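Asks: Here the protein sequences line up with chains U and Y, keeping their order.
Heads up, my numbering is the position in the first sequence plus 86, with the first residue counted as 1.
Heads up, my numbering is the position in the second sequence plus 4, with the first residue counted as 1.
Calculated directly from the structure, the hints in this document are not laboratory data.
Values in this document were obtained by computation on a predicted structure and should not be read as measured data.
Some hints could be false.
[As the list claims (entries may be wrong)] Pairs of lysine to aspartate or glutamate residues, derived as DMTMM-like cross-links and limited to a Cα-Cα distance of at most 20 Å, are as follows: (1) U:Lys-172 / U:Glu-211; (2) Y:Lys-54 / U:Glu-228; (3) U:Lys-99 / U:Glu-137; (4) U:Lys-99 / Y:Glu-75; (5) U:Lys-111 / Y:Glu-67; (6) U:Lys-168 / U:Asp-115; (7) U:Lys-141 / Y:Glu-75; (8) U:Lys-103 / U:Glu-152; (9) Y:Lys-54 / U:Asp-115; (10) U:Lys-99 / U:Glu-152; (11) U:Lys-99 / U:Asp-112; (12) Y:Lys-54 / U:Asp-254; (13) U:Lys-103 / Y:Glu-75; (14) Y:Lys-54 / U:Glu-211; (15) U:Lys-257 / Y:Asp-44; (16) Y:Lys-54 / U:Asp-127; (17) Y:Lys-54 / Y:Asp-19; (18) U:Lys-172 / U:Asp-133; (19) U:Lys-99 / Y:Glu-67.
Residues per chain are reported as follows:
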Amino acid sequence: MDEELHRIIRRAKRGDKEAYAQLVKDFKDPVYRYALGMLNDRMDAEDIAQEAFVKAYYSLPGLESEFAFSSWLFQIVSNLSKNRLKKRMRERNYYEEAEESTMAEPSDPSEKLSIEQSLARLSPEHREVILLHDVQGYRYEEIAQVTNVPLGTVKSRLFAARTALRNDLRKGELS
Amino acid sequence: MIGHLNDQLSAYLDDELNEEEKKAIEAHLESCESCQALLDVWLAMQEQVKDIFQFAQAPAHIEANVMATIERNPQLFVRKRWFAIPLIVILLISVFGITTGTMFVKFIHSFTRLFVAILYMATHFLSNVPFVALSVSVLSLIVLTASIYSLRKAFQPASMERG
Ligand SMILES: [Zn+2]
Chain U
87 MDEELHRIIR
97 RAKRGDKEAY
107 AQLVKDFKDP
117 VYRYALGMLN
127 DRMDAEDIAQ
137 EAFVKAYYSL
147 PGLESEFAFS
157 SWLFQIVSNL
167 SKNRLKKRMR
177 ERNYYEEAEE
187 STMAEPSDPS
197 EKLSIEQSLA
207 RLSPEHREVI
217 LLHDVQGYRY
227 EEIAQVTNVP
237 LGTVKSRLFA
247 ARTALRNDLR
257 KGELS
Chain Y
5 MIGHLNDQLS
15 AYLDDELNEE
25 EKKAIEAHLE
35 SCESCQALLD
45 VWLAMQEQVK
55 DIFQFAQAPA
65 HIEANVMATI
75 ERNPQLFVRK
85 RWFAIPLIVI
95 LLISVFGITT
105 GTMFVKFIHS
115 FTRLFVAILY
125 MATHFLSNVP
135 FVALSVSVLS
145 LIVLTASIYS
155 LRKAFQPASM
165 ERG
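Next up, chain Y with everything else stripped away, as it sits in the complex:
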């Protein structure tokens, strides 16, 4: 009965309990008629289920059909040692990868050196440009100041004479 032993009783029927659990069930069964009755019902049910399929036999041609299908498609059977093929492929790819990898690294390395050289030249050139520009502007500023000064000097005597 539900509320009594449930799946423990069911497992007892199937002989799936340890000694301790078995003893506990047997002690309960001594005094519980409903669990005893349930056990009997289950046992009878089990026999009935077994009986349904007792004489059920697979059709004889199953075997022939299965073997014929297998004969038609032998390529589908992958032997375990064939697993070596993907392994070899992976190995080849890795070896190829490593060799081309080192080549690639060398390639990148020389490229980097070239780039650094270009960068160095470029910065050097660029750093020279402001210097030229600065010198030119400073020079032109001096020339401008000088010309303004000389210009003012040229007009000054006239104004002083007036004042």
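Bound-form chain U, shown alone:
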């Protein structure tokens, strides 16, 4: 992270709205992408991204160091996304909507599963590490901070996620 960005974060921390608008501009694409990857729905991703930026603004005074801003921001997005997924699960259990559960399945069983569909079928914990690593380009250390798990867990979880993703893709190939 460059010095310019740190200066903007410091200004935003003091309540400078102009500086915060700049931060939203700089981070909205990665934040939106991550939410989209987690939720697999544009409207929900937009919702969560907005909610995360609003929440982050009011929590900014509690941010200890401007160096930790991006992992701190992604921690907020991650928690909001997981809460949204849980809410969806509750609603799904309540209504028992069959059509929703088939959303990620191909209409034709012989059709090969796309990487997008397979990613959507991973557990949130597995999808999260894949997105943070492969899309956001985070190191294990940063992923550990965002997901609040030990470094060793990040390592084993990423391996498990890759194995699960590959197995799911292969299932499509074999049928």
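Fit chain Y with the ligand to the given chain U structure using the hints.
Replies: Showing chain Y with the ligand alone in chain U's frame:
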């Protein structure tokens, strides 16, 4: 392959290993085709995942919506220096507490002294009561004994005369 290098191979792909661990993986890869193939699969998968989101862009209005929400609720932003307010309140409470505390201690102290005085008087009075009661009962016992004795003495001559 599972049973080969597992998460070490995955960490190797991510360049998260130290030199020693890296060398161990590379030595294994020399002779293990299945791990080499797995590495290639993972690499291709990684590229595919990256591609999904490559062109995904946040809607332009996100920024405006966020800023509008913030403008509507400026009171929610708590500046760090505002943390001084609870601190001052705590300080005031403690000062108040200490002053009233000493007053309270003084109050308790004088109350204790008064209570001790009352207690002393009470015990003194109470200790006097048994004395009075004892003297009265002892006295009455003496009077009773004396009267019985005199009574028996009064009847004795008659019985002796009979016997
Ligand atoms: Zn091997």
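Asks: Decide, hint by hint, whether the structure agrees.
Replies: Hints and how they fare:
1. This hinted pair checks out: Lys-172 (chain U) and Glu-211 (chain U) have alpha carbons roughly 12 Å apart, not beyond 20 Å.
2. Restraint check: the Cα-Cα separation between Lys-54 (chain Y) and Glu-228 (chain U) comes to about 18 Å, which is no more than 20 Å; the hinted pair holds.
3. The suggested pairing of Lys-99 (chain U) with Glu-137 (chain U) holds, with an alpha-carbon distance near 18 Å, which does not exceed 20 Å.
4. Taken as a hint, the Lys-99 (chain U) and Glu-75 (chain Y) pair is honoured in the structure, with Cα atoms around 16 Å apart against an allowance of 20 Å.
5. Of the pairs offered as hints, the one joining Lys-111 (chain U) and Glu-67 (chain Y) holds, with about 6 Å between alpha carbons and a cut-off of 20 Å not exceeded.
6. For the hint linking Lys-168 (chain U) to Asp-115 (chain U), the alpha-carbon distance of about 19 Å falls within 20 Å, and the restraint holds.
7. A distance of roughly 13 Å separates the Cα atoms of Lys-141 (chain U) and Glu-75 (chain Y); the hinted pair therefore holds under the 20 Å criterion.
8. Taken as a hint, the Lys-103 (chain U) and Glu-152 (chain U) pair is honoured in the structure, with Cα atoms around 16 Å apart against an allowance of 20 Å.
9. A hinted pair counts as satisfied when its Cα atoms are at most 20 Å apart, and Lys-54 (chain Y) with Asp-115 (chain U) qualifies at roughly 14 Å.
10. Only pairs whose Cα atoms come within 20 Å are accepted, and Lys-99 (chain U) paired with Glu-152 (chain U) is accepted, the gap being roughly 9 Å.
11. Pair hint Lys-99 (chain U) plus Asp-112 (chain U) holds up; C-alpha atoms about 16 Å apart against a cutoff of 20 Å.
12. The hinted pair formed by Lys-54 (chain Y) and Asp-254 (chain U) meets the criterion: a straight-line CA distance of about 18 Å does not exceed 20 Å.
13. Note on Lys-103 (chain U) and Glu-75 (chain Y): the hinted pairing holds, with a Cα-Cα distance of about 9 Å set against a maximum of 20 Å.
14. For the given pair, Lys-54 (chain Y) sits about 18 Å from Glu-211 (chain U) by alpha-carbon distance, which is consistent with the 20 Å threshold.
15. As the CA atoms of Lys-257 (chain U) and Asp-44 (chain Y) are separated by approximately 18 Å, the hinted pair is consistent with the 20 Å bound.
16. Simply put, Lys-54 (chain Y) and Asp-127 (chain U) have alpha-carbon atoms about 17 Å apart, close enough for the 20 Å limit, and the pair holds.
17. In summary, the hint linking Lys-54 (chain Y) to Asp-19 (chain Y) is supported, as the alpha carbons are separated by about 17 Å, within the 20 Å threshold.
18. For the hint linking Lys-172 (chain U) to Asp-133 (chain U), the alpha-carbon distance of about 15 Å falls within 20 Å, and the restraint holds.
19. At roughly 18 Å between alpha-carbon atoms, Lys-99 (chain U) and Glu-67 (chain Y) fall within 20 Å of each other, so this suggested pair holds.
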